[in-house]
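Make a model of the complete structure from these sequences and hints.
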Amino acid sequence: MKISQLNDLYRQLIIDHAQHPHHHGQLPQADQSVNLNNPTCGDVIDLQVVFKDQQIKEIAFSGDGCSISQASASMMCDLVNGQTISQAKQEIAVFLEMLMNNPDEPSDILGDAAVLAAVVKFPARIKCATLAWKALEQAITQEEQHAGN
Amino acid sequence: MVKDIATARNDFPLLKTQMNQESLTYLDNAATTQKPQAVIERLVDYYQTENVNVQRGVYALAQATTAKYEQVRQQVADFLHAQADEIIFTRGTTTSLNWVAQSFAPTVIQPGDEILITIMEHHSNLVPWQIVAKKLGAHLRYVELNDQAELDLAQLQANLNQRTKIVALTQVSNVLGTINPIKQITAWAHQVGAYVVVDGAQAAGHMPVDVQALDCDFYAFSGHKVYGPTGIGVLYGKAALLQQMPPVEYGGEMINRVTRQSTDFKAAPAKFEAGTMPIAQVIGLGAALDYLTSLGWSQIEAQEQHLVQLAGSQLQAIPGITLYGPPLSKPHAPVLSFNLTGVHPHDLATVLDSQGVAVRAGHHCAQPLMAALQVSATARASFAFYNNDQDVQRLITAVKLAKEFFQA
Numbered sequence: 000m001k002i003s004q005l006n007d008l009y010r011q012l013i014i015d016h017a018q019h020p021h022h023h024g025q026l027p028q029a030d031q032s033v034n035l036n037n038p039t040c041g042d043v044i045d046l047q048v049v050f051k052d053q054q055i056k057e058i059a060f061s062g063d064g065c066s067i068s069q070a071s072a073s074m075m076c077d078l079v080n081g082q083t084i085s086q087a088k089q090e091i092a093v094f095l096e097m098l099m100n101n102p103d104e105p106s107d108i109l110g111d112a113a114v115l116a117a118v119v120k121f122p123a124r125i126k127c128a129t130l131a132w133k134a135l136e137q138a139i140t141q142e143e144q145h146a147g148n
Numbered sequence: 000m001v002k003d004i005a006t007a008r009n010d011f012p013l014l015k016t017q018m019n020q021e022s023l024t025y026l027d028n029a030a031t032t033q034k035p036q037a038v039i040e041r042l043v044d045y046y047q048t049e050n051v052n053v054q055r056g057v058y059a060l061a062q063a064t065t066a067k068y069e070q071v072r073q074q075v076a077d078f079l080h081a082q083a084d085e086i087i088f089t090r091g092t093t094t095s096l097n098w099v100a101q102s103f104a105p106t107v108i109q110p111g112d113e114i115l116i117t118i119m120e121h122h123s124n125l126v127p128w129q130i131v132a133k134k135l136g137a138h139l140r141y142v143e144l145n146d147q148a149e150l151d152l153a154q155l156q157a158n159l160n161q162r163t164k165i166v167a168l169t170q171v172s173n174v175l176g177t178i179n180p181i182k183q184i185t186a187w188a189h190q191v192g193a194y195v196v197v198d199g200a201q202a203a204g205h206m207p208v209d210v211q212a213l214d215c216d217f218y219a220f221s222g223h224k225v226y227g228p229t230g231i232g233v234l235y236g237k238a239a240l241l242q243q244m245p246p247v248e249y250g251g252e253m254i255n256r257v258t259r260q261s262t263d264f265k266a267a268p269a270k271f272e273a274g275t276m277p278i279a280q281v282i283g284l285g286a287a288l289d290y291l292t293s294l295g296w297s298q299i300e301a302q303e304q305h306l307v308q309l310a311g312s313q314l315q316a317i318p319g320i321t322l323y324g325p326p327l328s329k330p331h332a333p334v335l336s337f338n339l340t341g342v343h344p345h346d347l348a349t350v351l352d353s354q355g356v357a358v359r360a361g362h363h364c365a366q367p368l369m370a371a372l373q374v375s376a377t378a379r380a381s382f383a384f385y386n387n388d389q390d391v392q393r394l395i396t397a398v399k400l401a402k403e404f405f406q407a
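Here the protein sequences come in this chain order: A and B.
The letter at position 112 of the first sequence is residue 111 when you use numbering that gives the first Met the number 0, and the numbering goes up by one with no holes.
The letter at position 156 of the second sequence is residue 155 when you use numbering that gives the first Met the number 0, and the numbering goes up by one with no holes.
Each hint should be verified, as a subset may be incorrect.
[As the list claims (entries may be wrong)] Below 20 Å or equal to it, Euclidean Cα-Cα: the simulated EDC-like pairs (lysine to aspartate or glutamate) are:
1. 120(A) - 21(B)
2. 402(B) - 7(A)
3. 1(A) - 403(B)
4. 88(A) - 30(A)
5. 2(B) - 40(B)
6. 1(A) - 21(B)
7. 402(B) - 30(A)
8. 133(A) - 143(A)
Because the hints were derived from the structure by calculation, they are not lab data.
Have a look at this one:
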């Protein structure tokens, strides 16, 4: 494989997010916390979310993982911070669809995270890219169950 | 006649394939080894001319295939320096170790007793003991590493006492490449009356194993890590202990007589082989052991030592590389775990992958060891006799490329 193909995966934007992740840290007042790991490789994410009025008021992540998982988490937090739950749910669905089934239709609603479409050509890394998004999906489910009670 | 190891690589068709448009450098031999043409052809032959169920049929073909199946049991016994009735065929090392934990351990463990394992165990020789310790009210104790990534033998001895009933450990670490002194440990364990269970998954294809000399009570290995098929493994147990150990599964061909309310089982090993066994895989395992015999241990060990020394010293020379394992001057199996400062091992492995170099990156099913080493993951290159100097050069070049790529 040529180095240029590696550059498709490791775009500068991805490297920047991985090296200087946004929304990295803890939220002591979080409404929902999710700890997810990728058991095959050991990547771990702790995602914390403050919800208010059907909105993601604040979001932060911590944990340990490769540059793809860290960049993906950083990009996702940038995207959903301040959004409504229903917007975030739609974006999670679009992101997962992009990586699992349909890389040719990257959606402009994903912000920086649209560049992660390149991960599709590296199937071993798809789980790294989706980990944070699955954690957010779970945090929203927990919040909705909590609200429903 | 002894086969020349320099040409052995040509016997493995998969090594001639490509990955990411590059010729393949396969350095994940600790996960599974490639299969020589002789094993592949033996499987085809079996299905074309010998496929019947064993131990049952009265017709000639069934008798002939049963005889071949039992010949492989004898062959495995010879491979381990054991008796044929001490060899049980299982699904793999994991199954073998689980069976000892689930079926043998309860016959010797009382509440308050101790099970001693080591921090370098693969999850398959760790989780089964956690579960059985909880179930039986026993304590699970760990032997730690010394500062040379070897077992702390003084601590091991200090942990042995009259309550220690089982000592379970690996012969070779799948992460560190450490080779444990099983014979010495067995002698110490037997002094306190403990039984010794050895995980041989990373040892059996790389060094001669003599269970009588080791004097271990159980020994497990997998067919697919000794150049044989997947789905077949071996559990050796001393004959008296296998008689003491109840069957784990019940079904066809493991019984003497069944009435409405009770069953009388056959003797070991038959009582452990319920249902139709992976017959083709047993036959294929026989072909793999034949192949290893044709090369001989001295050639295999010399080539693998050459590779681990060459790759280890060249990796060490790259600034930012940390090797996890004993110093190269110490006994070292052909397994090298390493990290490059500033680059996550998955990212490192992706660059290697792009260059056709297959290595493992992750926790290697040894999370407690990763925690003890204070890393979340490592990259791991593991060698077999069919690897060559060019494979080592391609690994080193790819690691240097990754370092440059990530500006680490």
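Quiz prompt | Violations among the numbered hints, reported as their numbers in ascending order | solution = Structure breaks hint 7 only.
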